[in-house]
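K.L.:
Chains as they are written, first to last, in the working numbering: chain W, 1 to 159; chain S, 1001 to 1756.
Read the hints as simulated data drawn from the structure, not as lab findings.
It should be emphasised that the depicted structure is a prediction, and the values quoted were computed from it without experimental measurement.
Using N, Cα and C, we set each Cβ at its ideal position, and we do this for glycine too.
Don't take each hint at face value.
To be verified - Simulated coverage check for chain W against chain S, where a stretch passes if three residues somewhere in it have a Cβ under 8 Å from a Cβ of chain S: (1) 2–8; (2) 20–29; (3) 36–49; (4) 68–79; (5) 92–102; (6) 133–147.
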Amino acid sequence: MIRFKVNGNEKTFDGDPDMPLLWYLRDVAQLTGTKFGCGMALCGACTVHQNGAAIRSCSTPMKEISGAEITTIEGIAPMHPVQEAWIEIRVPQCGYCQTGQIMQAIALLQENKNPSDQDIDTAMAGNLCRCGTYQRIRAAIHQAAKHQVARHEAAKETA
Amino acid sequence: MKLIENVSRHVSRRGFLQGALASGVFVLSARLVRDPLWAAEGESAAPPFEPSLWMSIASDGTVTIVAHRSEMGCGSRTALPLVVTDELDADWSKVKIEQAIGDPRYGEQDTDGSHSVRSGFDLMRQVGATGRVMLISAAAAQWGVSAKDCATEPHFVVHRSSGRKLGYGEVAAAAAKLPVPKKEDVPLKTRSEWRYIGKESNSLFDLPEIVTGKAIFGMDATMPGMVYASVEHPPVLGQKIKSYDDTAALKVTGVQKTLTIAAFKPPHVFQPLGGVAVIADNTYAAFTGRKNLKIEWDSSPHSVYNSTPFRKTLEDTSRQPCKVIRNVGDVDAVFVQSAKSGGKIIEAEYYAPHLAHASMEPPVAVAEYRDGKVLAWAPTQNPQAVQETIASLLGIKKEDVTCHVTLLGGGFGRKSKPDQVAEAAVLSKQLGKPVKVVWSREDDIHFDYFHSVAAMYMKAAVGTDGKPTAWLQRTVYPPIGSTFDTAAKYADDEMGLGWNNLPFDIANHRAENGPADYHVRIGWLRSVANIYHAFAISSFVDELAKAANKDSAQYLFDLVGPPRIVNLDLKGDEAEDAKNYPLDTARLRRVVEIVVERSGWGKGAMGLGKGRGMGIAAHRSFLTYVATVVEVEVDSKGQVHIPNVWTAVDAGTIVSPDNVRNQFEGAAVFGTSLALFGEITATNGAIDQSNFHNYQITRMNRAPRHVDVHIVKSEAPPAGVGEPGVPPFAPALYNAVFAATGKRVRELPLSKTKLV
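Bound-form chain S, shown alone (with noise of 0.2 Å):
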């Protein structure tokens, strides 16, 4: 069988890179290394050149890149291994991508928060650049020459007094043996002397295998001898199985027995909710097996969850002084000045829902158990929190946890979270033998780590100009550290998620965030926090330029205010990533004006008829300046079409422009899933959702008919592509819809709202 073939000879690379290199994160061994399983598996005769973690180059001139970060579509997998192929100046067509194991040396393998490229654009180019150089050394010492007087084409090293060539594949084993040189003996090519980073001709690796059906996702990994199962989870957070019957579940065909998974220890972080599990020879069984089982459970604290008087409370949090984020200014003083001198009050309240991430593949994973070590393959976005959970669960080592990281069939956030990988093992310790864990959507959906739900409260004093001259704001939402500390109230490592960082000009701001109570898993979904708070922000904006009698999209850019560095006062990790990305309103009123000028802004406005409206919005997230103008035609039944979409998008220095362009089509298409359609609700805990009949997602139908992506040419450092597209998208639509109908709908989403 060919997939179990792959496995193994992956299994047995794995162990290869492990065996040969030192620690650190980024390790130029190039030491020569033989190993016993590389020689056994009929791999290349001569032994590889191994300058470090990240690459080999063997005798054929092969060139090996580790991806260590997921590909759940973002397209990370493809464009990291472009850089290191860049400084290498090797030819892409000789490349091969392996996916790495979770491994600590590879420094931290999350793939979220839209940082891969970000976090490792320096690296690779180090990495590549650094095999050239020794390559060139190579070159140089056989023909006896300078290594000054050596050059590089893709793959070959050349001598340019004499012509003479060398590729890459011949030198390898000797370059493989110099020592490594110094980072300041090591040059980078200049941004002109670029192949790959920056091309309209990258494509993502793995689309030939995507389109036969060859890709290998996480639904599509086996292990020799394994069963199926799947687990019938308690429906409320926190319960516990009081008592059950299998008896039928035992008589479908194909179910060889139950076992039960216990219930997590508080906090949940990523454990197993806990269940009974049925254990089957195919998925089909497992699943039928499941609907036969007879559960009693226990009773929870999370049973009192109800949505609707949950949003109450949430409202009235908002309505109260809450917890100060960031202070500019005496908002106070000027609206109480602002009162007594009959100025204008503006408030406004917003209110978004939980979201479930519904990735086209649910989670699945798995697992072996054997002699005290497991080895796990998995659709994971985080292969170090696999290892981390699992080992904790088991009682074992971190390092005797082995996860492969398969490709993800979208993640979104979801799959930080490897719950169901540790489902996998512990039911593989019971049973001895290898388990594939497969949720059903209905699993997905009941049993996500929810984006949460947040209720926000605006409030502005307008001067005569319609300027705000003080602005309140204020977030409550029950926060994701409360996944990791059930005392958790406050958002507050989530606060520059689009809140502690409003770019406007506005002499008197204050930013607050109120407490919340959790009573499902809260988790991280594609730009988490951003989408209401720039739901929020951006809404108001448009209220605002409303009630001035203002331009939307001229007033934002007023508020804007003039091209400066604006001093956000941070701290921690938020406070260096200011240094390398100061948040510079020149690139935000930049974005602006693109997507003013490429929809027509203005002029198209006038001419669009009843039923008919354009909407901005502009919002900076993971370090990445977006702007959005969306164009909307609501129907005689109140029903929205999305004729266009224009965004434009400034994050800095881009690998493939091509897939940052497909990423903000996507993010158009998430935006109209959250905004027409997402919620989730809770009835006594449990969720009311359960498949794509009652948890929408846009349809093609439904979808923006043409999204048009702007990307702005840049040398800053590169910046967030996968997340930055979707919060401006939800507000640019309502402030939409505004425009065509003349109705201000607050709160996600908007079928919801009768338009007419």
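Chain W with its partners taken away, still in its complex shape (with noise of 0.2 Å):
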């Protein structure tokens, strides 16, 4: 029995230890907002965070999240700064790997909170889009970080 976390909420699963998280969190937990893309960790397409860090669900094993804290773009709520930012800017035409560059963009935005377009290419390289839209991604990227700065410094002021 493997126990681990999903959007905050406590979950088991006692299936095949070798299934990856992304098939567990599409057709067992339904929550189909991570997408399958390569399965080969190419694409990025499945990218959630386990205990913040962006992975590639699709090559991770269930039985490598065992105490785990996995989030999933349904659990990016209320709407973070990189989302808001991302309908700013306009970024998807087709959408299926949108939520999987947010999810990595968030990660990034974590560790780095001001990124150069060079931090963004090396942390985006992983995350492939076949309609092209890696021109607005670091735009909104870069307005998201703005996004983030402005509301620390309002919260720093109420405080």
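Using the hints, put the two standalone chains together into the complex.
P.N.:
Rendered as structure tokens:
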């Protein structure tokens, strides 16, 4: 029996311990915001957070998440500055890869409050977008970084 | 479970629409329809105003607009309802969009060819404007005033002199009882009255759901009681199962059973390839079960397919006279004369390999066969093809196949072919329960309907001024027609894709097409044959410019020649298009001028150091004029970086400018993928590539750093925007590589050529 948390909720799993987390999330937990793209950690569509760090759920077997806190796009609430920026910049085309892109971007901004273009390229290189929205993704991450600073300042003033 | 509730609600709603409406593409039935399904769902108690197949207004003012085209990222699901909303003078925030099922009453629904807005614009205006007239009439009647004294403001009818107002929801029921006005009695807004069409503020309807993960793609569709299936297909087209052993597969936890799917009967069209399906409790078990199958396949005539010798065959054909597609003047006479007089003849050959679509969402579908009927949910570009394919395979009526369309996680032409939906239906019939078929990325790449492999031969005689006096072009490639007719060798229907419409001012010109056999399934990929045709033509223009020692942009501009309408002598649909969308070189000249100006062409080019350069190309496709300048930096390792791209586009009237910019930014990335990395090859009939490690698509760190898109303001009829950005990109990039390195590369992709 594997015990872990998904979006703050306690979960257990006693199926095939080699099942990738992706398929647990999608087929068992019905959390379909996390997408299947390649199954080999090559495209990033399946990106979720394990204890706050971005991971590829398609290549993370259930046996490796024992005790972990998993966050999926459904667990990002209320609207994160990254999601707000995605809407303002109007990033998506088809949208399929974007939840993975957003999860990767949130993880980046947790580590690096003000990433450079180079930082963004490095962090986002594992997330493919066949529609080709990279220019807007980069702009949206910069915008989200600004939003985060503004929120932080606002919070300080209130305090 | 929320998703299933949504699904069942959609099904009922569709039943309502289907039952309510008469036949015809554009039917304003305006009947007040009471439908038990509708009422049973606890929707608004008052019957909704249902003026057409396309739109309804509920008593609370909610306007529901049916999107009959598929959404794969190009924005048509937003754009067409925006047009209805504008002419209805409705408030977009009160609009809901419902995705149409496959139904011929919506007309053609194959969302391809960059023509959703082009084909739907006038119709959607008419739908909205008709509703507006009826709402005004109903309000006027209620007030006892003349409709002439009434106007609208968003979501209200207003009586001008008294200032009285009635909300659309308040008069919807009364409006529904009125006769539908004749088309000539329905005034359309003037352009200056548009509130949504052409406005910067438009954004995708589904944007909030996309960024929160709530948007439902085909991969996310479910049906109660469904099982999962993964299908092992024959590695070579046309192979059948000789024998198979599923012992190990059945031992995998979660695997329920295996089933076979019959091989297709040629031509393959959209039929399943055949194979062995593993049925399981979840996707992972189905995938794992498949890895444990042992299958022996029989032989196929397509096992002879090897990409390297096949290329030679195509090239050999291209060096011989082929079928004449377009002929102006007499190129042969000029070539003979030029040879005699010692004039300059320039020849070049270009090659482009197969490409795979590699949409981020692999093919997927869920379907249920029950009591002789099929219900399917799929990310399909073509729901009516789903109906036809399944009906034909299962021997049922097309009307007994209901196909719902989810959002598509990319399409690019692949999802016009519903073979995976047919697989789900065939398996469901065998199993007696709903089946979700999920293709892996490897399945997607191995079993695509591939963009064709092509060889082009170009020859020009040039005069003393460096301009061509004769221009011959030949293209040879397995045609898409082979998907529908095993004997098809010529690309007759594809010549409009950048081959029978050379827009240059050259007195003698001949375009030819040579025969080629197919050995894999050939299909449409974003901009289709325009990709290799523009690559050959625009590369050749640059070669001629350099041979003449002329500036490439000026040479291109001169070659386009004076502003004029080019007579193309076309037939059928193409002739019809040419009437409404004549090939106007003034528009082509304009986009070239714009990119030259915005890129700082000439000034910038001179300022660029060693290893840096700019290239230009212009191409009209899907009736849209595009010119692109690409700037490259080639580093000491020969790796190509793209700091800047400038694109100018004249697509006529635009509905959502920001979305159009997004399409062209994306086209530059799509173009980068095919220019730098894209190549599918076959060995003994089987595809060599399998996933993103050996079929690379552009990542952020190799994508153009900045793409500048300039949209020409135009009142011309709307033209395509999803595809036309792609064709000029690769040749502009290759021309830039020549400017940067002096190396002329004549084959795609660039990764096959060492630059240093």
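K.L.:
Hint by hint, say whether it matches the structure.
P.N.:
For each hint, the structure was consulted:
1. 2–8: Our answer is that it is violated, as 0 residues pass the Cβ test (under 8 Å) against chain S, missing three.
2. 20–29: Holds, because 5 residues of the segment 20–29 of chain W bring their Cβ atoms closer than 8 Å to Cβ atoms of chain S.
3. 36–49: Since 8 is at least three, the answer is holds.
4. 68–79: Check passed, 5 qualifying residues.
5. 92–102: holds (count 9)
6. 133–147: Per the Cβ count (6), the hint holds.
Hint check: a violation occurs at hint 1 only; the rest are consistent with the structure.
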